[in-house]
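Here is what each chain is made of, one letter per residue.
Number of protein chains: 2
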Amino acid sequence: MDPKPQDHQSPSSTPSQLRQVLVLRPPPVFTVHEQDFSSKFHILKAYDSPLPTHDFLQTHAQSVKAVLCSGIGPITADVIRDLPALELVVTASTGVNHIDMAECRRRGIAVTNTGDVFSDDVADAAVGLLIDVMRRITSGDRFVRGGRWATSGEYTLGSKLACKRVGIVGLGNIGSRVATRLKAMGCLVSYTSRQEKHTTPFTFYPNILQLAFNSDALVICCALTNETRHIINNKVMMALGKKGIIVNIARGAIINEVELVKCLVEGEIGGAGLDVFENEPNVPKELFELDNVVLLPHRTAFTQESFYNAAQILIGNLEAFFTNKPLLTLVPNEF
Amino acid sequence: MDPKPQDHQSPSSTPSQLRQVLVLRPPPVFTVHEQDFSSKFHILKAYDSPLPTHDFLQTHAQSVKAVLCSGIGPITADVIRDLPALELVVTASTGVNHIDMAECRRRGIAVTNTGDVFSDDVADAAVGLLIDVMRRITSGDRFVRGGRWATSGEYTLGSKLACKRVGIVGLGNIGSRVATRLKAMGCLVSYTSRQEKHTTPFTFYPNILQLAFNSDALVICCALTNETRHIINNKVMMALGKKGIIVNIARGAIINEVELVKCLVEGEIGGAGLDVFENEPNVPKELFELDNVVLLPHRTAFTQESFYNAAQILIGNLEAFFTNKPLLTLVPNEF
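Going down the list, the sequences are from chains S and W. For the first sequence, this note's numbering gives the first residue as 68, with consecutive numbering after it. For the second sequence, this note's numbering gives the first residue as 68, with consecutive numbering after it.
By construction, these hints were calculated from the structure, which means they are not laboratory data. Each hint should be verified, as a subset may be incorrect.
[Stated by the list, open to error] Below, computed lysine-lysine pairings styled on BS3-like, alpha-carbon distance capped at 30 Å:
1) W:K250 to W:K310
2) S:K250 to W:K352
3) W:K309 to W:K352
4) S:K250 to W:K112
5) S:K309 to S:K250
6) S:K112 to S:K132
7) S:K392 to S:K329
8) W:K250 to S:K264
9) S:K352 to S:K392
In this text the structure is predicted, and so the values were computed from the model without any measurement.
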């Protein structure tokens, strides 16, 4: 380790004392690889303290320069105000919608994410959800485990994937991986995005309504922003139609969940594969009764391999920060 | 229709009377599209008759030239003996292991299957099962529907697909489609087959044991023959290893099911996605307790689109037979 004093640690203290990292609520990646973090940094665990969060933050307010977070523990303007020395927010996620980016910008606080370390896994799970809903895999498993195969002549036919028109909402790191996979299955892929991507072979539609109208299934892969909140509403679902499938592996609030549940219950769309919800971990109970939906507990990034890789990126960003080196995965935060 | 007398129908009877098609047990494709069959052929429904099958066959023995079947109603040597006029067996399946091919060969009875009409759908479902087991989709759905997300901190990590070594057992119509799909997901595909296919980019292993030893997952895509019966045994599963996944969308008896259940229960392999079983519709009850298996009721070919296409092929073969035209999808049946 570099012995000369650094901006972020004074020479009078031991490095581990001053390499403080605040954790409000432990991200799963942190929990699984806690040993790796604890051996390199002094972890301040707000969630283990008997103090209320605000009081805990007050106690450490002057010293905390870095915080580690994820979607389960938002970094609000209030939290940021409680931490006047804060310089870095490291999130164990690709999305940053749980961080008050405007407040970070105003205060000059850097934000890093996990880059595209989860992209392949999320894309695989998106494709898995689409196959599952169209081919009734989870439904079939319930049928067998319920002992109905031997006693019931029932068989509901699924839908073929080949030649189906699948619309990708947001053709970024994840969306483009979903597109590649679906192309190999013979699907006809199109997309909508903030702007047309001229380097892809896929058909572009300038807005979500046109995409839905020309699709048999939609796969939501975009970030949650003010522009995308509730972008999938009743009108879009009506355009998608009664056989249409929606897969959401992005963020729950991109879909108007009340309208989604209504459309599913009333058969206005054909089915859904949902990894994310508006008010996690709460899932609308009406969905539990439906055989044409597959429900995941926000787990499409949860593999041993991506967790290991994500931990290395989180640690790498914290190491870089405490040794004044360039951050690995800085999130652009400008107007 | 050609007015001149044909080999398979005499001019003194109406065509529909003599275009008799025997059905012992109705294949699902037939049930779904029965109207199309009934409008073109005179269907003799053994399953609707109060007579025992043998007596029913005796009644129609002299006139039945064509039989329609599938895996749920085997065409045994006994059945064939009961039908001295039989010239054609049309099966609503790709596999023909439910037909006594030796007896058909001896009698000069032609056998047609459904060609590769189901191949894309079966390949999609195979990939869906692999993703499902590795990424714990059905398991996750149970977790959410069981109301455990809000109350349990539990999360078992899945396995990443990218860079996993997947071994295809049988690189035919279905196996090669599975390989293409998995390649798009970043899997490292290899295979074993009766002989090496020099036109594919995938690594060949000359036997199942070498393939298993060099694979993280096996996808069974071969036909059931005397050579492949129980080819997946305890030794192969030990070579695959404790994290290894098996997907079977071919025929149940390709796996030694007793040994598979034992390996799964004892944790000697990592999980399984099974569409087929040795004694369908009976599924070993021990599997119902396992969270790392996905169980389907032999449904990987069950889509509206492939059922429609299969019906057209079945009808096309029967039409060709009754008008003395070449059969569409004759199964080679020589030593």
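Right, here's what the structure says about each hint:
1. W:K250 to W:K310: Holds, at roughly 21 Å.
2. S:K250 to W:K352: Measuring from Cα to Cα gives roughly 38 Å; hence the hint is violated.
3. W:K309 to W:K352: holds (22 Å)
4. S:K250 to W:K112: Distance of about 43 Å is beyond 30 Å: violated.
5. S:K309 to S:K250: holds (24 Å)
6. S:K112 to S:K132: holds (14 Å)
7. S:K392 to S:K329: violated (51 Å)
8. W:K250 to S:K264: holds (24 Å)
9. S:K352 to S:K392: Since the Cα atoms of K352 (chain S) and K392 (chain S) sit roughly 48 Å apart, the hinted pair is violated (cutoff 30 Å).
In summary, the structure is inconsistent with hints 2, 4, 7 and 9 from the numbered list given earlier, while agreeing with the others.
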